[in-house]
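Enquirer: These protein sequences, in sequence, are chains A and V. For the first sequence, the working numbering gives the first residue as 2, with consecutive numbering after it. For the second sequence, the working numbering gives the first residue as 793, with consecutive numbering after it.
By construction, these hints were calculated from the structure, which means they are not laboratory data. Because the structure is a prediction, the values reported are computed rather than measured. Accuracy of the hints is not assured; some may be wrong.
[Claimed, not checked] Computed footprint of chain V on chain A; a stretch qualifies when at least three of its residues, placed anywhere within it, have a C-beta under 8 angstroms from a C-beta of chain V:
{"hint": "1", "stretch": "85-97"}
{"hint": "2", "stretch": "110-122"}
[As the list claims (entries may be wrong)] Non-contacting residues of chain V with respect to chain A, defined by C-beta distances greater than 12 angstroms in every case (computed):
{"hint": "3", "residue": "Ala820"}
{"hint": "4", "residue": "Asp829"}
{"hint": "5", "residue": "Ala930"}
{"hint": "6", "residue": "Asn933"}
{"hint": "7", "residue": "Arg985"}
{"hint": "8", "residue": "Asp994"}
{"hint": "9", "residue": "Ala1003"}
{"hint": "10", "residue": "Gln1020"}
[Unchecked claim] Have a look at the derived ranges for each label pair, beta carbon to beta carbon:
{"hint": "11", "chain 1": "V", "residue 1": "Val1016", "chain 2": "A", "residue 2": "Asp53", "range": "28 to 38 angstroms"}
{"hint": "12", "chain 1": "A", "residue 1": "Arg51", "chain 2": "V", "residue 2": "Pro954", "range": "45 to 55 angstroms"}
{"hint": "13", "chain 1": "A", "residue 1": "Pro197", "chain 2": "V", "residue 2": "Ala821", "range": "19 to 29 angstroms"}
We put the CB at the ideal spot given by N, CA and C, even for glycine.
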Amino acid sequence: MNAPEVLAARVPTAVGPSRPRVTQEEVLVVVAAADLSDARDRDLLRRIGRRDEDAFRNFFGRYAPTARALALRILRQPFLADETVQEAFLSVWRDPDRYDPRRGSVRAWLMSAVHHRAVDLVRREEAQRRRADRAPADAPSEDPAEQVAEAIDIPEERAAVRAALNELPPEQREVIELMYFEGLSQSRVAERTGIPLGTIKSRAVLGMRRMRSSLGALER
Amino acid sequence: MTDHDRIEELLTLEALGALEDEDAAALAAALEEHGPDCSECPRLRRETGDVAGRLAFALDPVAVSVSIREDILSAGPRKLLRRVLVLRRGLVAVAAAILVILGAVGGYLLVPRPQTDLAALAGFLSRPDVRVVQFEGAEGNVSAAVAPREGFLFASNLQPPPEGRVYELWMIRGKTPVRGLCVEPRDGVVVARFEGLVTASDALAITVESASCPTSPTTEPIFVAPLQA
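Please model the complete structure; the sequences and the hints are all you need to start from.
Expert: Written as structure tokens, this is what we have:
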């Protein structure tokens, strides 16, 4: 199985390659839902800033399963993923004012924090990771909390991001996935794919530009 | 390629976590050159950062482990934060011990010289009644693992005391200092066991004393670690 096939095999099954292109109406629905959702997240952050533990629990319930999915995808080791998620959420509790609305949505900020921690960890633990790569990835849990999390999550957002990713030309998508979900630096992606570094950078930029356009970031 | 094309490329790599050190420096320099009045740079950073953060939602959610969920949802973030901090400090102490065990440093000199049993030290750190406290004060990382009747002092990057002097540890209860032990770091490292009514004390303190190890402090503490919250 070559690299694109491996990546395709890891894409969530909810969205397949035959999905139609995202329409303008769909984009508007997603943008409106995302704005409402972000307003709610900002309110939660404000309450967390006032040391409201219920707000923190709400925030955790809303985003921890996605945060764990991201950390697990990068780290492959459940205990490291748990530690990363716990650290990221405790950091929100300690200092919610670190969120800067000028830098994007609350959920993007949170996931960037999880991503940053996971990538840092994986680069420190590369030898350990090579061993883990040979082991089967952690199977999705049957825990009922997962269904609860999915129900209160943002299904439109999830569908829109998957659709936007699936609409990318395979070579751009591959680069983005290797960087973001595998935690590889630009040079490592070039090594892994055998493609010149300049081409890797161009593909990343073009792919992210398309993602921004698809997700309506440019209109916001 | 325009300035902003280059900045967009670097911001994209940064948002995806793929930026390398050399390019991170180039990005910082480019952003600084554009200055706070550039409206395009913040827009690019916001948009690339936002889209990258949202990529996580392409994944199927995975339930958080039961233990963490219970910690967060039952104990609450305040209690969990305290536990994590204690654990982290413990790990710092364990790391210092391992350095010594591996012989990465030359060891330590104790005055007088109790026979420190490193196996006992490792066992001590794993005991459930042991907690780790950190000292504040002069230069160096100084911690103590404490139990009701004994403890271990750990330190790294500790400056050597003046010629003919040693560091002396005190257990302070009320206004009464009780002598713990005297130590002299070697290569900046100290690992030493001491005995006493440790956790019943209000604080631990370290002073610089003569090599004779006086029974009462003669100088002001240079490190202090409160023991009672």
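Enquirer: Let me make sure I understand: some of the numbered hints might not hold for this structure. Which ones are they, in numerical order?
Expert: none
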